[in-house]
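Assemble chain B onto chain A, guided by the hints.
Top line first, the protein sequences correspond to chains A and B.
When we follow our numbering, the leftmost residue of the first sequence carries the number 152, and every step to the right adds one.
When we follow our numbering, the leftmost residue of the second sequence carries the number 152, and every step to the right adds one.
Calculated directly from the structure, the hints in this document are not laboratory data.
What you were told as hints is all true, and nothing was included just to trick you.
Simulated crosslink set (DMTMM-like; lysine to aspartate or glutamate; CA at most 20 Å straight-line): (1) 424(B) to 206(A); (2) 199(B) to 428(A); (3) 398(B) to 195(A); (4) 397(B) to 206(A); (5) 398(B) to 202(A); (6) 180(B) to 423(A); (7) 421(A) to 204(B); (8) 396(B) to 195(A); (9) 201(B) to 179(B); (10) 421(B) to 206(A); (11) 443(A) to 187(B); (12) 397(A) to 192(B); (13) 443(A) to 195(B); (14) 419(A) to 195(B); (15) 201(A) to 423(B); (16) 190(B) to 464(A).
There are 2 protein chains.
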Amino acid sequence: MTEQKQRAKWNYEEFDEVLDEIKDEGYDKVGLQGPDGIKEELLEYASKLKEHDIEPVMIGASTFGACGIADEKAERMGADALIHVGHTRFLHPEKADMDDINVYYLPYREDRDLMGVLKEHYDEIGEDETLGLVGVTQYMDRAEEAREFLEEKGYEVVDGKTGLRTTEEGQVLGCDAGAAHNISHKVDAFVFLGSGHFHPSQVSEAGKKVYVVDPYQEHIWVEPANSLDDETRAEHARVIKHKDKKKWGIVTSSKKGQNYMMAVQIAKEKLEKHGKDVYIFVEDRIFESDYKGYGIDVYVNCACPRMTKDWQDLAFVSTQALDVLDEVEINHN
Amino acid sequence: MTEQKQRAKWNYEEFDEVLDEIKDEGYDKVGLQGPDGIKEELLEYASKLKEHDIEPVMIGASTFGACGIADEKAERMGADALIHVGHTRFLHPEKADMDDINVYYLPYREDRDLMGVLKEHYDEIGEDETLGLVGVTQYMDRAEEAREFLEEKGYEVVDGKTGLRTTEEGQVLGCDAGAAHNISHKVDAFVFLGSGHFHPSQVSEAGKKVYVVDPYQEHIWVEPANSLDDETRAEHARVIKHKDKKKWGIVTSSKKGQNYMMAVQIAKEKLEKHGKDVYIFVEDRIFESDYKGYGIDVYVNCACPRMTKDWQDLAFVSTQALDVLDEVEINHN
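Pulled out of the complex, with its shape left as it was, chain A reads as follows:
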């Protein structure tokens, strides 16, 4: 019972578990949000809620992470709770409260043959290595099985930890590979459960190579250590290019988990120390076009860190990259 209570508002495995809790609590109206890729499932969940006389309210836009909790939108509609599908509970690194209303997290598990890929290709992983096992939430329901398999094959697998923002052991987000960084000193390499370069590259910044067990490519491929170093240098170059610009903007999000007020304050102080005229911007969804026309040429990203490279016309730099300002000469005339 205590365990159940503690689990309440956290991560669930099945929609029916969430439904049971919601029925127990007697909620009449519940918000539903999730990523674009599973819209049909979202509508099915909505149908199920309706079958139980619970009125669903769909959040209109796609959600990219549990950082974007649509609690205010749900509340405006009179909902008592929100079901966030697709991601695990997100912890705010600045300790901001993330669940003002009751949020039920239902991470999405991708039904692809991850274990088949690992079993068929595990010999790609160097023989005598100590491994850190990490991955994205879509496959973390198979992490234990993967670990057992690797140990059976003679690998040492170091116990995973949670990251700064995550609630599953070994789980990484685009903005938080802490689960890897926490154990990198103990391992020779990482095994990553998932696909694409975005997450593995974040893991690689822990300084070790990453074996990607990729159920889309149906193969294990290697992301080299520190693969983002070039990007970091490019960002420093961007700051240097604009170092003499006087008017700087700082952009953060009104999405609860992307609203980094401490980062905003740090960036603001750093910029003002260098004589900059600083304006702070806040918005729900952040589109580059909204930030044109103010006469501001450089913006600092204090929202979702993933966005920094998305802007094409205006410079958008991370707070970390601002450190370069301490090392260059600035001329405001």
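Using the frame of chain A, we list chain B on its own:
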């Protein structure tokens, strides 16, 4: 003093008046929002706030009306008040509270020679007519002068009223030409201060022709009576086309003044009466692309009424158009 207090949080004419109030109240941090066209002015206002040690927070996205009050975004940033530039105070037609934090409205007055156009071209207006004087807020600061001029020229000008959502006499919005409808039975025609077809066409639905005193065209032109009737018929046709579709969506906005819960309820009941399976969606800014992929083919607009014609790929119909369902045979097989 009472007048001043009553005026607080309402419409102001000059930024300095707002600044004085904000200084009096001792606010440290204040949100600033406005439409795209006046971004430079917004940044100037922000500079002025900074000069007085008040920290401005810019709202990232353009605002299309005072229906889109960004109070929650401002509050998330720790702001004590919000300056809404460009529009007058908006009254919610369903009586929802619009100012949870202190909102200062600073309507934008367009510096174009409206009176010059009226004086040069007033003879376009039929000789013996009784006129209703209406317009958009950009020119309503010259309404009194226009009225005096017309009376001088022998016209009878009927006293204007406020609309359902507006706070200036004679002022119309894209979603509220009530100021015209309220007095249409007393007038032969309307004189409209402003430009474009969007607002004059709303006024024309009061059943009278509209003389548009247009400072962009530098001319007075006529919008015929009931010029939206074709559009209304096209919308009815759209409902008839989709009448047999089973899954319907209702879209409303989390923007406070575009969140029409009573309309949502009415649309939902009407659709369910006709055997439809209904899903309600809520979002801050509404983009058509977000509503694809759910398997819903028809959406009902219970947000900004202006949006109904903007969607290209999915059908988006107004609540009013749903009345047609009562008159057609529906086949769900």
